[in-house]
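Undergrad: Listed here are the chains, written in short residue letters.
There are 2 protein chains.
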Amino acid sequence: MSTFQENLEKYAELAVKVGVNIQPGQTLVVRTPLNAAEYVRAVARKAYEAGAKNVHVEWSDEELTKTKYELAPDEAFHEFPEWVAKGYEEMAENGAAFLSITGSNPDLLKDADPERVSNANKASGKAMEGFRSYIMSDKISWSIVAVPSAGWAKKVFPEDSEENAVEKLWEAIFSATRINQADPVSAWQEHLSLLDDKMNALNEKHYHALHYTSEGTDLVIELPETHLWVSGGSVNKDGVQFVANMPTEEVFTSAKKTGVNGTVSSTKPLNYGGTLINNFSLTFKDGKVIDFKAEEGYETLKRLLDTDEGARFIGEVALVPHKSPISDTNILFYNTLFDENASNHLAIGSAYAFCIEGGKDMNKEELEQNGLNTSLTHVDFMIGSADMNIDGVYEDGKREPIFRDGNWAF
Amino acid sequence: MSTFQENLEKYAELAVKVGVNIQPGQTLVVRTPLNAAEYVRAVARKAYEAGAKNVHVEWSDEELTKTKYELAPDEAFHEFPEWVAKGYEEMAENGAAFLSITGSNPDLLKDADPERVSNANKASGKAMEGFRSYIMSDKISWSIVAVPSAGWAKKVFPEDSEENAVEKLWEAIFSATRINQADPVSAWQEHLSLLDDKMNALNEKHYHALHYTSEGTDLVIELPETHLWVSGGSVNKDGVQFVANMPTEEVFTSAKKTGVNGTVSSTKPLNYGGTLINNFSLTFKDGKVIDFKAEEGYETLKRLLDTDEGARFIGEVALVPHKSPISDTNILFYNTLFDENASNHLAIGSAYAFCIEGGKDMNKEELEQNGLNTSLTHVDFMIGSADMNIDGVYEDGKREPIFRDGNWAF
Ligand SMILES: [Zn+2]
Ligand SMILES: [Zn+2]
Ligand SMILES: [Zn+2]
Ligand SMILES: [Zn+2]
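Those sequence lines, one after another, are chains E and V. So the mapping is simple: my numbering equals the position in the first sequence, first residue as 1, plus 485. So the mapping is simple: my numbering equals the position in the second sequence, first residue as 1, plus 485.
To be clear, the hints were calculated from the coordinates, so they are not data collected in a lab. Accuracy of the hints is not assured; some may be wrong.
Pairs count within a copy or across copies, as identical chains cannot be separated in the list.
To be verified - Result set (DSS-like, lysine-lysine): computed pairs, CA atoms no more than 27 Å apart in a straight line: (1) Lys773 with Lys722; (2) Lys883 with Lys611; (3) Lys538 with Lys571; (4) Lys770 with Lys538; (5) Lys808 with Lys770; (6) Lys787 with Lys883; (7) Lys722 with Lys883; (8) Lys502 with Lys551; (9) Lys770 with Lys553; (10) Lys624 with Lys551; (11) Lys883 with Lys571; (12) Lys571 with Lys690; (13) Lys538 with Lys611; (14) Lys653 with Lys502; (15) Lys538 with Lys778; (16) Lys639 with Lys683; (17) Lys883 with Lys607; (18) Lys624 with Lys571; (19) Lys683 with Lys538; (20) Lys690 with Lys538; (21) Lys538 with Lys553.
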């Protein structure tokens, strides 16, 4: 077996055992582009070996997506098959685990009509609302991992041949996910326990607000009264541990929906549904985006913010040190799974229900009453930098450093 | 554009314009293995250009199927996702057209437990019963075309390298489907009108029975009182023409369920769900298989005949001359789509409702009352040979030749 084959096997095993942590008799649902077929086959073998009853794969194809945006009539983008959405809900209800494989070309829909993209996102967001509630409340085990497409690899390494670019991107992924360590599974257990230490420390502090300052950013984010900091390691409703993002370097909670004020600037490009939004800033008043700018992708950002009422509020506040295995690669990945884990970030849109006490059992109205934002969308964007300072502010105004010069201050 | 690319485009156009004959605003559903991705992309472009609203692709992967048979627990083969079956029915109800791409490795499940294969076929047959009724009554437009997999190509051309075998199989497919003619679409129209001539002649004869004789075969098949001969060109409930099999060389009708007597021998191997059944014979009394033999695949044949009560009766009687563009290739395809169109054949299982007058509007009970067989399964098998004679027998016992020495006698 070649080194690459060995790494691919380890990476499949990591997704199955640590990512979704498949349990005997469980169904594994894999959502993947065609180009990840070789990896998906390895994942299926590992899943059956771990006792999975069935591996159900939902394939997609970048070329077909592009063709549809080029040639289909407008009405096609207002529809999403109801039966597919119902199918996802049925599988979630029956306790399946969900593995998503990311890695599409960040420029795939660069030339597509942004209105079509936005309509398609709205239609799928609405149809998949029921399924997404299983994810957003961690009722089920779910995980996201990445597999390079040629288009993505060439975006990250434009100077290289396609073959070399893909190879380099695989190496970067194996390094960021600790696959090239002797025992990736135990390396991950150690890593997750370090993240848990930060999470526990922040939960003990119980800050009233965070104050972010750096070039282009001066932002105060209040936290919900009953907020909980959460780390990369999650637990589903049956008590099974899983890791939703691989890699993950973040400790995160929810913003108080109406408690965000000031301006924040992006520090990395954001790949949203096949289009890049770059060098943008958002200005908030009482939680709501009241002004925004973007040097690239303004129209796409505007449509994202107009998805629904909740798309103008913040749903996630995530702390990630500037120094991390991913930052150390010094690669701009143009893929949120990686870029968000190399940078402090926020998310526009829906908050995770488990970020407040008892939130997993609350309905939408109760979540909103407790200060959480709800929306059809949830999009992370990167705001971290080497000069970023963050203060934790207590109820009485007392403050102390959380981040200094981009890294943990404690 | 290379010759191969040109042929692939023509083949895609043929499937879209003649096969399913897509109509403006219609959805095209494509069921395909991963290895046909390039062809599917061409089909999607042609479909959108012809006005399709959406192209929905359901992918499958031979490797994953094989892995499942090797590693999944027994109970996995008793299940078929209900929501998928419902989805197919919903798309059919909304008037979608269905294109299936065949071409899997005939030996794919050679080593799989036949009980697992039979359970899986039963589970999917049962779940998809509602959808299949749209197909069996031609309510919707549907078509089957073939794309070579490496495994299939190597089975047909075992002496060649994988690359050469695939290339040769493509050539054979392009030749059998008239793609290498200057204007395949009009070549098909001409061909279909010749088949219609045979159909019309047989419908005027209104035979009471057919009597087959050749080495290993002496079989009498009565036809239903109101039987209709049908050719490769079909018409859906909205009056849109389509061609269900490409290639097609057959003119066919239904047997009278209880009117089949004698013995028939297979003349080509039958690829059933990834296993080959070879050199087999069936003996009938009053329509029912009362004895059977098989040199290869006996267990698989037995399980096929045990699918349900209707799996022991004949549902289709198809006439195909021994001399045809497919026979002329002198290739044994190990794929029913091709082999059945180079040979007289019968089908075990369900009859097509449109093979009797008014059948499209009848329910299962009414079809049975009118002499048609119903079953969860429908499997064609080849019985034609160079020495086959077929007589048409009238109500009064008078008889006349339909086939002599394997070819049309009129
Ligand atoms: Zn995050
Ligand atoms: Zn997020
Ligand atoms: Zn037939
Ligand atoms: Zn048939």
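Undergrad: Taking 27 Å as the upper bound on the Cα-Cα distance, should Lys683 and Lys538 be classified as within, between, both, or neither?
TA: Neither: 37 Å inside a copy, 51 Å across copies.
Undergrad: Reference check for the pair Lys883 and Lys571, CA-CA at most 27 Å: within, between, both, or neither?
TA: Cα proximity of Lys883 and Lys571: none, with 49 Å in one copy and 59 Å across.
Undergrad: Quick one: Lys773 to Lys722, C-alpha cut-off 27 Å, is that within a copy, between copies, both, or neither?
TA: neither (32 Å within a copy, 54 Å between copies)
Undergrad: Cα distance capped at 27 Å. Does Lys538 pair with Lys571 within a copy, between copies, both, or neither?
TA: both (21 Å within a copy, 22 Å between copies)
Undergrad: Up to 27 Å between alpha-carbons, please classify Lys787 paired with Lys883: within, between, both or neither.
TA: neither (37 Å within a copy, 81 Å between copies)
Undergrad: Up to 27 Å between alpha-carbons, please classify Lys502 paired with Lys551: within, between, both or neither.
TA: Answer is between: at 22 Å across copies they meet the 27 Å cutoff, but 34 Å inside does not.
Undergrad: Is the C-alpha distance from Lys722 to Lys883 at most 27 Å within one copy, between copies, in both cases, or in neither?
TA: Cα proximity of Lys722 and Lys883: none, with 37 Å in one copy and 76 Å across.
Undergrad: State whether the alpha carbon distance between Lys639 and Lys683 is at most 27 Å within one copy, between copies, both, or neither.
TA: This pair counts as neither: shortest intra-copy Cα distance 36 Å, inter-copy 58 Å.
Undergrad: If the cutoff is 27 Å on CA atoms, where do Lys538 and Lys553 land: within, between, both or neither? Let me know, please.
TA: Between. Shortest inter-copy distance 9 Å satisfies the 27 Å Cα cut-off; intra-copy 35 Å does not.
Undergrad: First find the shortest C-alpha distance between Lys624 and Lys551 inside one copy, then the shortest across copies, and answer within, between, both or neither for a cut-off of 27 Å.
TA: neither (33 Å within a copy, 31 Å between copies)
Undergrad: If the cut is 27 Å between Cα atoms, do Lys653 and Lys502 qualify within a copy, between copies, both or neither?
TA: So Lys653 and Lys502 pass the 27 Å test inside one copy only (25 Å; across, 44 Å).
Undergrad: How would you label the pair Lys571, Lys690 (within, between, both, or neither) given a Cα cut-off of 27 Å?
TA: Answer is neither; intra-copy 42 Å and inter-copy 52 Å both fail.
Of the numbered hints stated above, those contradicted by the structure are hints 1, 2, 4, 5, 6, 7, 9, 10, 11, 12, 15, 16, 17, 19, 20, listed in ascending order.
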